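2 protein chains.
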Amino acid sequence: MSASSSTNNTRMLELRGGLGAIPGVRLAGVHAGIKARKRDLALVAFDSPQVCASVITTNEIKAAPLLVTGRHLSESGDAMRAIVINSGCANACTGERGERDAQATARQAAALLEIDPNQVVIASTGVIGVLMPMDRVQRGLERCEGQLEAGGKSAHDAAEAIMTTDRVPKLSAYSFYDGTTKYVVGGIAKGSGMIAPNMATMLAFVATDAPMTRAALQAALSECCDESFNMISVDGDMSTNDACYAFAPVGKGSAPEGFAAALRRVCLDLAQAMVKDGEGATKTLTMHVTGAATVVQARAAARAVINSNLVKTAVYGEDPNWGRVIAAAGSVKAGLDPEKWSLYVNDKLWVDVGAIEVLSEAEGHAEMEHSSIVLRLDLGIGDASATGWGCDLSKDYVRINASYRT
Amino acid sequence: MSASSSTNNTRMLELRGGLGAIPGVRLAGVHAGIKARKRDLALVAFDSPQVCASVITTNEIKAAPLLVTGRHLSESGDAMRAIVINSGCANACTGERGERDAQATARQAAALLEIDPNQVVIASTGVIGVLMPMDRVQRGLERCEGQLEAGGKSAHDAAEAIMTTDRVPKLSAYSFYDGTTKYVVGGIAKGSGMIAPNMATMLAFVATDAPMTRAALQAALSECCDESFNMISVDGDMSTNDACYAFAPVGKGSAPEGFAAALRRVCLDLAQAMVKDGEGATKTLTMHVTGAATVVQARAAARAVINSNLVKTAVYGEDPNWGRVIAAAGSVKAGLDPEKWSLYVNDKLWVDVGAIEVLSEAEGHAEMEHSSIVLRLDLGIGDASATGWGCDLSKDYVRINASYRT
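Chains as they are written, first to last, in my numbering: chain A, 1 to 406; chain B, 1 to 406.
Note that these hints are calculated values from the structure, not bench results.
These numbers come from a predicted model, not from an experiment.
Be aware that a few hints might be false.
If chains are identical, the list can't say which one is meant, so a pair holds when it fits in one copy or spans any two.
[What the hints assert, rightly or not] Simulated pairs of lysine to any residue, SDA-like, Cα-Cα distance not exceeding 25 Å:
#1 Lys333 to Val296
#2 Lys348 to Ser74
#3 Lys348 to Ser385
#4 Lys333 to Ser54
#5 Lys182 to Ala219
Kindly produce the complete structure, drawing on both the sequences and the hints.
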């Protein structure tokens, strides 16, 4: 957690309730019938207009709600009031009809909340290429509006409603103190498959009660995403629907001291919860890369390792096959010098520079038996570092994804 | 096979015996004891000096035999006489000792064949970070030398000796006729896991009896690799040991007419054999991308699809989840225009431009039941095309790779 520790006097404290911990935020999550049985529609309402920042998928195919939300943010990005999120249908590759459906959803939510449709963020997750069942969405929104409530219970319902193959809802919140005022940052997220560096199938919504400008919020969010959501991988796939949206009350200045650290902590919590909940995952893998020439190279090496099917199957099989780690890191022009690297497992030196093995096969195997494997690859070249988070690749991953829609 | 068909009068005919079909090539494959029971050491001897071309891994960590062979090719690339290949030990991440071992292996083979050590190509495949059992290699080489023989039987033994998790040896050979003379091109290869675009864990050795310059051979090999070995994927991992070496009798001019087509056919055969033998594979996937603006973009899209774990698990589960194909192709800046693409499965239109589904779920599922799935994504933008070959991701892939070394 080196990246997220707070070393000054901003006193960060963990809270329950995710988005529900933030004053002025009301939520609901219901079963609208988009999916067979589970909650599938969430509504988040802000009591006052919010500045909104976003980081979205770089996929050339972007789902309709992403396109529609992009236009809304151009119009009203300084005065957003609500979020509608559904699971069960990605509304991606659905053409003009899909965009009309996303617009209609925003209009319906806006009518219920008596706000402008441009003030609504829309997000979807689920199967690609299926049209939204708009009658069910409309009725579900009405039920959501009737159930809107502040607090952890409704945030939990909302976090549950945005799940796809997730096993657990994902919430995180922290309070921080900037010297004069106590603020809160909180969020909810979904994601457990199709997770890759660069915003794969994941949705995250974070908010705070600390006022700031939209530019200040965007700067903080972009930096946090690079260190959290963009450094996790479950299967290396990048989705058409990924997005992280952040909200803050409209303010005139920069973010208060302590905000960036609290936001980073919330994003890291949510990102790590996704990896821990990775489809079929039985173990998590934390990959620190240190001693790199640049952060870009350190990140590239960390991502290559957490994305490698061979590393992931070795972790699953508890096989101390360190060669696969080095081969993966070497494949991405990370500046790996064959004569300078060393590899650590769970803080023990595993392989020393120059390929002299320090831990025996049995010792290496014993380290791999942990349910949380922490590797550190020191490139021995410079001072830059990065961390990536991943999970193993199990037979269950294959089972889950071979029959996702059935 | 559009890329490999011969449309002129060079009359390409398939032969048995792979490398063994080429006059002047003798081979042997023995059990040297590097692995527990199976053949693990191959020797190939050329009766006359050969020009040698190569395409090797772009991994920053290169195995010792690659480095040593690189120096030999600088010295004697116009007059190579032998190849030594072992499985069971990659001789990668083995430092100076590994290089000395590779040099010693070349010296021992050279002494047995009464040639210069610089005339020997060395290649290894197997576990990373383990030292070569040099006494066994020496004794194995002696046995190989005693068994050197022309023809298909010895080529089969050699192809078997270079296997790791491969289930079948991989050989291919064709004769072609340039109008006056009949020539032969043939090869052997190994690879079934850690296969990715850009020369992942694979070794291929091809040769011909058609004389040409080293430059002519290199040009033909580089082009063929881009269309064959660099367009297959089993698991997206890139190895430290991958190499393809090509040999031809020393000549003064360019390659005879028909050579490029025959070489391409041999490389495609070997590449497709790797995919078909992919670890745990139950189905193969051929991904044609047409209508792209550039070949680079077409290749990027084809590779993204065959590399996608979500596409591969859908193929395994016979799930007609075309959204995953589009999401994968969209993730790599292939110039995918959301309003122009269309997708075909086994020559049937699956999804039309603008996301109107043509095949029903049941019809799509029926197509996915084939053991060889052929997809074509038409980008509808330009005239460039490319093809990639992959396989499904099964529970068996996980089983094999979770316990590779045990």
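Going through the hints against the structure:
1. Taking the closest pair of Cα atoms, Lys333 and Val296 come within 25 Å of each other both inside a single copy (10 Å) and across two copies (20 Å).
2. In this assembly of identical chains, Lys348 and Ser74 lie within 25 Å of each other by CA distance neither inside one copy nor across copies; the values are 51 Å within and 41 Å between.
3. In the homo-oligomer, the alpha carbons of Lys348 and Ser385 lie at most 25 Å apart inside one protomer (18 Å), although the nearest pairing across protomers, at 49 Å, exceeds that limit.
4. When the C-alpha separation of Lys333 and Ser54 is checked against a cutoff of 25 Å, the pair qualifies only between copies, where the shortest distance is 21 Å, while the shortest distance within a copy is 30 Å.
5. Taking the shortest alpha-carbon separations for Lys182 and Ala219, only the intra-copy value of 22 Å comes in at or below 25 Å, while the best inter-copy value is 68 Å.
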